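Colleague: The chain contents come next:
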Amino acid sequence: MRASRDPEVTSGPPLVEMRDIHKSFGGIHAVEGVSISVMAGEVVGIVGHNGAGKSTLIKILSGAYQMDDGAIHVNGNRVSIGNPRDAKRHGIETIYQDLALHDNLDAVANFFIGREIHTRYGTLDNAAMERAAREVINRINPSFVSLRDPVLSLSGGQRQSIAIARAVYFNARLLIMDEPTAALGQRETRAFKELVLRLKSEGIGMLVISHDIHDVFDMSDRITVMANGRQVGTRRTADVTKDQVLGMIILGKLPEEGTEEDFAQLH
Amino acid sequence: MKNQGKQSITRREMLTRLTALGFTVPAATALIAANGRRASAADPIRISFANVFEKGELFVQLGNGIENAAKLMGYEFRRYNNEFDSEKTLANARLMVQDRPDIILEYNGVEGIGQALRRIFDDAGIPFIAINVPIPGGHWFNLVNKEIGTDTANVVVPIANANGWTGNDTTAIIIQASAAGVEVNDCVRYFYVTAAETMEGMTKVKPDEITATTTTIGDTGIQVDGAGALEESYTAVKNALQTLPADRHILLYSVNDDSTLGGWRAITEAGRQDNTIVAGLGGSVAALGELRNNPQWVAEGSVFATHWGQYLIAMATAVLNGVEPPPLTKCPQLILTPDNVDKYYDAEGKVQLLPPLVPENEYLRDTGVLQQFNNVEGLIG
Amino acid sequence: MSSPAETFSGPRDSESVKSRWHSTRAQFFGIGAFYIAVVVFFTLTSDYFFSYSNALNILTNVTVIGIVALGQTLAIVSGGFDLSVSGVVPLGAVTFVIFSNAEMATPAAMLFAMLVGAAVGVFNGLIVTKVGINPLIATLGTLSITAGLAYALSNGVTIPMKNIDAGVLAERTWGRVPYYVVTLIGLSLIMWFAMRFTVIGRRIYAIGGNREASRLAGLRVDEITIAIYATCAGLAAFAGVVVSSQLLAGSATVGADAALTSIASVILGGAALFGGVGGVGGTLLGVLVLGTIANGMALLMVPAFYQQIATGVILLLAVGFGRLRAVISG
Ligand SMILES: Nc1ncnc2c1ncn2[C@@H]1O[C@H](COP(=O)(O)OP(=O)(O)OP(=O)(O)O)[C@@H](O)[C@H]1O
Ligand SMILES: [Mg+2]
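Residue numbers (the working numbering), protein chains in the order written: chain A, 1 to 267; chain B, 1 to 381; chain C, 1 to 330.
Simulated from the structure, these hints should not be mistaken for lab results.
Remember, it's a predicted structure, so these values are computed and weren't measured experimentally.
Ideal Cβ placement from N, Cα and C applies to all residues, glycine included.
A portion of the hints provided could be inaccurate.
[As the list claims (entries may be wrong)] Here are the computed lysine to aspartate or glutamate pairs in the EDC-like style, where the Cα-Cα straight-line distance is at most 16 Å:
| # | chain 1 | residue 1 | chain 2 | residue 2 |
| --- | --- | --- | --- | --- |
| 1 | C | 162 | B | 348 |
| 2 | B | 146 | B | 208 |
| 3 | B | 146 | B | 209 |
| 4 | C | 162 | B | 290 |
| 5 | B | 350 | B | 57 |
| 6 | B | 146 | B | 183 |
[Stated by the list, open to error] Not close to chain B: a few residues of chain C, all C-beta gaps over 10 Å, as computed:
| # | residue |
| --- | --- |
| 7 | 30 |
| 8 | 36 |
| 9 | 103 |
| 10 | 119 |
| 11 | 141 |
| 12 | 153 |
| 13 | 189 |
| 14 | 222 |
Using the sequences provided together with the hints, build the complete structure.
Modeller: Below, the structure written as structure tokens:
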């Protein structure tokens, strides 16, 4: 019900829709009744304090966690996502907050893990994988060279580049990005934003979690604010100011619900 | 036989302890063929027995042998399990004396607690017989590894001498089980010492010059450690063979049948079987098969462990009759040869006859217990 | 795992980290050099060491543990351990001889023994993945169960092989090299190839490197883990078949050292205790180092007590030295 109240950019069934999602860990209610939708070619930002439940929410969509209650629809059809393979089958790719890299493997191996290019005898086609990985990674991070070293030895930015590149490469329809720019330098962040624009123009939907309010405003069409596992609200980026969104994060109230005093406290 | 009183024992430890008895391989499953007359008594004798451990075929058979012999004699019998554990052993000892039996048979696996056991039994004024591991102040029943080793050498060496072998072209390979302690390894030590005395040209040594860390004895002796087990003995002998010229004669002997079988396998693999004479200890089915079919396997020591029960009950009866046994009452033990093996063991490896009593054990005859079983040479009637 | 919040663009302490990784390769070559030193030492000190016949002797001595160590490599590289091999080796040995003595054809008896082993491995894998018990504890439990089973099946006695032809692996030779040594070499080549060049090999390293990331990447982590434990135990059971072929008898006492020696060999060969790093080449080198030292000391007539002590010291030195290098160069 809540989702229908939220403004949407275009009409037609959303690319992905999560309805009334609940998830707790033991006694902790990490996500309580959150609904969110992403249209094709749309970027939705998710913001909120540490521990607000952002990662938990998107991990349900990427198949890392099983929700306790709620429903997920892809292109209007209800689907069940029981594991990460299911999500990938629905075209949902994820850049995890911790990047989910294998430190002992090199960039190419990390890039293709689970989807290795192989010969018909089941042996690895390392040359083909390296070619593909190099092209995509260099587009995101031109200074990236050490494709053949274990990623343990790489910088945070380089590691993030690998995680981004591999999510992008496999023809995702929806990209989930949990803090994608946290470890990137200015130049890489700029390249990343360009990448987002290009993917958008290709009709790919994106869910972006970020602590950087400026980045969120730069990239998102809509912004969902979460606090203490609940959804404070979702607004079209064009309809709100950064201050209003900050207010939602801090106060856990919609701008119209907050009193003058509340907002006065912010300054 | 040593134990630090640990709560649980590993497989390897158990093996070591089995070895410590001088026989890892149970001889046969035969229990006593009870065809004797049933003894009747108005006031039955009461015997309590604490077994060292109730796992492992050997110990169970030993315990069953004692139990069956006691029942055959019409004695009241109670059985406890020491679980190879010192505290359990002491607790059992206290339970047993509470019951006030006439005599206690104690098979204690933890040598260090002998004094504590003695105090419990002495305080209660109950006589006791220690099985295998001595307890100070008590009567003692055990095998004598030293004699087995000596007797085996006395069978093996004359055959080698008859072949014209001497210390110049012969090496004795003995497989010890160092972790099992000195007494157990007496068999291989005395085997070598006796062989050196009776074969020309062998390096002579005193028994205590062969210790757990001895590896070579002049040019005529090699001691390896087989841990009482098949695989370890196989590997150890394999390595030792590298140091011996291919045409050298070998006398092979070990602490138990598994070790001898492993060593023998290494010898046949190296194609040296025709230059080797071998002897086993334990009377296991596999070793008896070798003794019967393998011309190089000339002797097999047996201690008839499954039949200790009837001797122990005889001993207990003697003690209750006021007889003072010798410091050590020897179990039946015999060196089997291809000529006499069929007399004592049937084709399945079951004991059909026990060797005659040695003079020191004549006092057992007087109890009349052994006669009930009708299976001891010289006491069949 | 470092979270991006703590890391920033640009090289972090990448030099030391890089050298930590390279240290495993350095350790491989270090152990290789160490092996050469061992060979030289024993050649100089023993008249019997450096000969074709003793080389063959060493090879035959290490085959059983080599086969076990191949499986252990899989378990350790994937981030686990398999202690149960010490029970599965005797279980495989005893079942092989029992079935062979029951007139089962030799290949069928071998296959059956390996299937029994693989079944134990599947059980290991299930309790590690589905029940979530730590591999050390889980396989310690099955070690006890399988060792006990081997004792129960054999009644604790050595069972001679009735049909000597069943010992084909040891009885037949290629030149003077017994079939089982050839088998070890064949198995090693297959596993080396699989781990280096195939998709499944890559995934085993991935799982050992980061189990959760592997799951998120869509790998069937549980299934692969179960398959690894099944392979490891199947190989251990096959090692039991080889021991029985060597001894022409089955005994529950064989293989008691298999778990410790195989793990020591794998680690000596440069594998990481926590998974993700290691390989067949290093493992075989580790097996050879331990086997050669044991053989050399036996030839030098070192008493068994001291052999045991020396082996432990050498193991610590070799592994410690590799780690020390890493610390110094880092
Ligand atoms: N696997 C888990 N087990 C138990 N509790 C968890 C687990 N994952 C998350 N939580 C808890 O759920 C709540 C929400 O966590 P989540 O990681 O979703 O927050 P977040 O919004 O992503 O925070 P951050 O901005 O710090 O990344 C927190 O209280 C967290 O401690
Ligand atoms: Mg998060």
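Colleague: Please go over all the hints and tell whether each is borne out by the structure.
Modeller: Okay, the hints, checked on the actual structure:
1. 162/C with 348/B: Given that 16 Å is the threshold and the Cα spacing comes to 14 Å, the pair holds.
2. 146/B with 208/B: holds, 12 Å
3. 146/B with 209/B: holds, 15 Å
4. 162/C with 290/B: Between residue 162/C and residue 290/B the Cα gap is close to 12 Å, so the pair holds against 16 Å.
5. 350/B with 57/B: At roughly 14 Å apart (the allowed maximum being 16 Å), residue 57/B and residue 350/B satisfy the hint.
6. 146/B with 183/B: holds, 8 Å
7. 30: Label holds. Min Cβ-Cβ 27 Å, cutoff 10 Å.
8. 36: Holds, since 21 Å exceeds 10 Å.
9. 103: Non-interface label on residue 103/C holds, nearest chain B Cβ at 18 Å vs cutoff 10 Å.
10. 119: holds, 21 Å
11. 141: holds, 14 Å
12. 153: holds, 12 Å
13. 189: About 25 Å separates residue 189/C from the closest Cβ of chain B, which puts it past 10 Å; holds.
14. 222: Non-interface label on residue 222/C holds, nearest chain B Cβ at 31 Å vs cutoff 10 Å.
The structure shown violates none of the earlier numbered hints.
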